[in-house]
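Q: Chains as they are written, first to last, in my numbering: chain A, 1 to 328; chain B, 1001 to 1310; chain C, 2001 to 2292.
One should not assume that every hint holds.
Computed list of lysine-lysine pairs in DSS-like fashion (alpha-carbon distance at most 25 Å, straight line) [to be verified]:
no., chain 1, residue 1, chain 2, residue 2
1, C, Lys2257, C, Lys2063
2, A, Lys122, A, Lys71
3, C, Lys2077, C, Lys2063
4, A, Lys241, A, Lys284
5, C, Lys2257, B, Lys1007
6, C, Lys2025, A, Lys18
7, A, Lys71, A, Lys9
8, A, Lys18, A, Lys71
9, C, Lys2257, B, Lys1160
These are computed hints drawn from the structure, not numbers from a lab.
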Amino acid sequence: MAETVLEVKDLSITFFTKQGALPTVDGVSFTLDRGETLGIVGESGCGKSMTVNGILQMVPAPGRVTGGSVKLAGEELVGMREKELCKKRGQDVAIIFQEPMTSLNPLMTCGRQISETIQAHKKVSRREADQRALELIELVGIPMPEKIFHSIPGQLSGGMRQRIVIAMALCNNPGVLICDEPTTALDVTVQAQILGLINELKEKFGTAVIFITHDLGVIRQMADKVLVMYVGQAVEQVDAKELFDNPLHPYTQGLMRCIPGMDGGDGDLHVIDGSVPMLYDLPKGCLFAPRCPYADDRCRGERPGFYGAGGHRVRCFRCESMGEEGSR
Amino acid sequence: MRRYLVKRVLLALGILFSISLITFFILNIMPGDAVALMLGDTADPNTIETVRHNLGMDRPMWEQYVDWIVGVFTGDLGTSYFQRKAVSDLLLTAFGYTARLAAVSYVIALAVGLVAGIVSALNRGTILDRGLMTLTVVGISAPSFWVAIILQIFIGLRFKAIPISGLDTPISYLLPCISLGLRYAASIARITRTSMLEVMGQDFIRTARAKGLSPWRTVMVHMFRNALVPIITVIGADIGTLFAGSMLTESVFNIQGVGKLLVDNITKRDIPVVQGCVICVAIICVVVYLAVDLLYAVVDPNIRLGGEEA
Amino acid sequence: MKRKREPSPVLTYRGYYRESWELLKRDPLAMVSLVIVIFLVIIAVFAPLIAPYDPDKQVLSQKLMDPCLEHWFGCDKHGRDILSRCIYGCRVSLSVGLVSQIIATVIGYFMGVCAGYFGGKADAVISFLIQVFSSLPDLLLAMALMFALGSGLVNLYISLGVLAWARTARLIRGTVLQLKEKEYVKSCKVDGGSDLRVILRHLLPNCIPTLIITVTMGIPSAILSEASLSFLGLGVRSPMASWGSMIAESQEFFRSKAFYSLFPGLCIIVAVIAFNTLGDGLRDALDPKLRK
Chain A
1 MAETVLEVKD LSITFFTKQG ALPTVDGVSF TLDRGETLGI VGESGCGKSM TVNGILQMVP
61 APGRVTGGSV KLAGEELVGM REKELCKKRG QDVAIIFQEP MTSLNPLMTC GRQISETIQA
121 HKKVSRREAD QRALELIELV GIPMPEKIFH SIPGQLSGGM RQRIVIAMAL CNNPGVLICD
181 EPTTALDVTV QAQILGLINE LKEKFGTAVI FITHDLGVIR QMADKVLVMY VGQAVEQVDA
241 KELFDNPLHP YTQGLMRCIP GMDGGDGDLH VIDGSVPMLY DLPKGCLFAP RCPYADDRCR
301 GERPGFYGAG GHRVRCFRCE SMGEEGSR
Chain B
1001 MRRYLVKRVL LALGILFSIS LITFFILNIM PGDAVALMLG DTADPNTIET VRHNLGMDRP
1061 MWEQYVDWIV GVFTGDLGTS YFQRKAVSDL LLTAFGYTAR LAAVSYVIAL AVGLVAGIVS
1121 ALNRGTILDR GLMTLTVVGI SAPSFWVAII LQIFIGLRFK AIPISGLDTP ISYLLPCISL
1181 GLRYAASIAR ITRTSMLEVM GQDFIRTARA KGLSPWRTVM VHMFRNALVP IITVIGADIG
1241 TLFAGSMLTE SVFNIQGVGK LLVDNITKRD IPVVQGCVIC VAIICVVVYL AVDLLYAVVD
1301 PNIRLGGEEA
Chain C
2001 MKRKREPSPV LTYRGYYRES WELLKRDPLA MVSLVIVIFL VIIAVFAPLI APYDPDKQVL
2061 SQKLMDPCLE HWFGCDKHGR DILSRCIYGC RVSLSVGLVS QIIATVIGYF MGVCAGYFGG
2121 KADAVISFLI QVFSSLPDLL LAMALMFALG SGLVNLYISL GVLAWARTAR LIRGTVLQLK
2181 EKEYVKSCKV DGGSDLRVIL RHLLPNCIPT LIITVTMGIP SAILSEASLS FLGLGVRSPM
2241 ASWGSMIAES QEFFRSKAFY SLFPGLCIIV AVIAFNTLGD GLRDALDPKL RK
């Protein structure tokens, strides 16, 4: 039995705006074991990144975690004092953000940005922290680490900067590493290198990874299990292999068909009809019903729960026959 | 970096030269009055002509200018028409007062303004923020000489321990420094708040928080440091006008600084003194702007190391 | 210099100003200040009708009279009604603000356009001049000019106007540099349009939002400069009433007559706040970059 490092249960995040209370993340649950990789996939604005903010307890105003629990190595983070949270962030859970161009402080040398993270969590001298930072820069495959150590982000390419961000995230051996679309802003060739690096480091340190992306191809390459999100809700949760062999939710099926060559089909590019509903104007029934080719009156009038069997959870009435699956 | 430095210094010298040229000609357009004023109403035209000749005022303007500018380089700013003292001596005494007044006022204003701006930004939208920002609007809009008089009336006359003129004891700095520093504190607070808010929304602040840095370190090292460039621009522009502003404060509180010297002599039309004061302030301004340009390079390594503009 | 927002080019469709107006209407602070500005303009224009007394009439028996029902703001050292003098002072302040800004705008626009449009040597010379003029504190240069020209209202217009052009020129130069790359400007040049035609037909309408903002923001600083100059005795000629000169006159009586200094100063603050706040609102409403 693998050791569970992160357990998220019914996490809900609501934004309180002039248009009303917007359920940005609505009852998302999952668990993550040591060394495991969870892929979260969905269109932009579906609440993937906000889920991550919820895990770190860093939801920006006017949003708030309005329910659920986040247990990091058994410790509850929801409602934890900010001072305690600071000790967790960067130490037990680290994050790599999407934009390497802007997620580094433009006025601070790369080396210092890594070593200050070490010093924030360990009582070590500046010299020791710098030494460790230098080793990390070398570890993430950067040539001439000394030179890069003293560079500012403005002098580096996107791929280089993302390597620095990775070094920074890993500098305290976190139990959980969250990658929020780490390669979206990069060239395809660089993207492959970075993905390879993350996989390699994951093996080396036994880190559990949450990998967020809108790219199913990347998911197939990286993830052990997958959570598909649509407008703040999880719509399908299953092992990666099973997902690609047997996608059950119409939305997942649609996503798969959107990828050229993924379906092995006719080569035509498929599009999901309609558009994502606005959070302040959600449909009464299933959130995907307005765009779903199989939707019937029940779908339009009633929200489906989770159904499925054998660890395959689907939020769709069509899978009702497979049996009821409460949240694990 | 060296090219940047050389370019800035040359530009500063060019600006200084142009300012001296412009002000010299403005001030010497109608020099006749001064002599007439000096000799009084009873002087006959011949005497006036002789005095003008003795003072070298009948020579072509450009010759007078060359004489004067050569003098500036050797530290000789001419002699006062009325006081029979070297302008440089008058300036030197006066400058001590102005420099002390300006320095104390500005340092206090800077401290108050930065703290108020940071506090305001961190508490955006709260009553504290709104209150502080309302105060800054009043601070920017109130003329300093009026603030000075109001302070004299409502504080100086109430509390006998606080003097309402001069600049001799530490306590006598209180009112002049408030009246001179108020608008600077206000403008620094506003730009600090704006700049901090801009930085707060940026990705690397999220990174800093996600790294688990303490809130203090996040605010001071990551936010404030990055918010500094616009603040320095404002500081540079402020220090120039600080000397102009101190003219008003000095004349209300009767402080014998450069400003008071200038105001007193401008009405007397004592041109050498006026000229000396103006060029003195101009030199200070240009040096400050130069210093600010160099400070950019210190604060922003993108300029120093030639990285891309971030 | 870095801090200055360089306004981006603006589409010259009719709805632009309507949209800006809609935005401005939604900004309560800007609307309040607009009302105050209109109120001040009315006071300035109709001063003779509004002022209860002749501002220059000296009644020795009313010397330094405290505020009362007949004289709300009291009377000054010559027994003149302070309220009436404040009302006429509003005329001086607003006219100095407006006229000096018009002068500054005309000079600044043409300098800025020449620099931005022709580039090269013209740009180098004008940019240098802009730097020279922004290196000296405005008040100091204004004092020197007033010293040379002598005091008086017209000279105030001239000195404050001549000095304020640099800021306008810098902003216009930035705007024109961006506009120059636009297709419709290029195509007009290719079609053989003269430079003057491009400057007046295509550049001017696009610079108007920038000009509205600089004028609104320039007026309060001109008002403050006028008050300071008049306070130092280099502004209006006595007995003309100006808020600054009234404060200067009140100075010798500060021990006993607080009201004498108080009211003209409050007038300055109200006017300057109103114009500054309106300027902020206009900038937000007219800057397309801030539009969502």
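Q: Please verify whether A:Lys122 and A:Lys71 have alpha carbons no more than 25 Å apart.
A: holds, 23 Å
Q: Can the restraint linking A:Lys71 and A:Lys9 be considered satisfied, given a maximum Cα separation of 25 Å?
A: holds, 8 Å
Q: Does the structure keep C:Lys2077 and C:Lys2063 at a Cα separation of 25 Å or less?
A: Given that 25 Å is the threshold and the Cα spacing comes to 5 Å, the pair holds.
Q: Between the alpha carbons of C:Lys2257 and C:Lys2063, is the straight-line distance 25 Å or under?
A: Given that 25 Å is the threshold and the Cα spacing comes to 11 Å, the pair holds.
Q: Taken at face value, is the distance from the CA of A:Lys18 to the CA of C:Lys2025 at most 25 Å?
A: holds, 19 Å
Q: Could you grab the alpha-carbon distance between C:Lys2257 and B:Lys1007 and see if it respects the 25 Å cut-off?
A: violated, 55 Å
Q: With a cut-off of 25 Å on the C-alpha distance, tell me whether A:Lys18 and A:Lys71 pass.
A: violated, 32 Å
Q: Holds or violated: are the alpha carbons of C:Lys2257 and B:Lys1160 at most 25 Å from each other?
A: holds, 18 Å
Q: Measure nothing beyond the straight line between the CA atoms of A:Lys241 and A:Lys284; if it is 25 Å or shorter, mark the hint as holding.
A: At roughly 33 Å apart (the allowed maximum being 25 Å), A:Lys284 and A:Lys241 break the hint.
Hint compliance for this structure: hints 4, 5, 8 are not met, and every other hint is.
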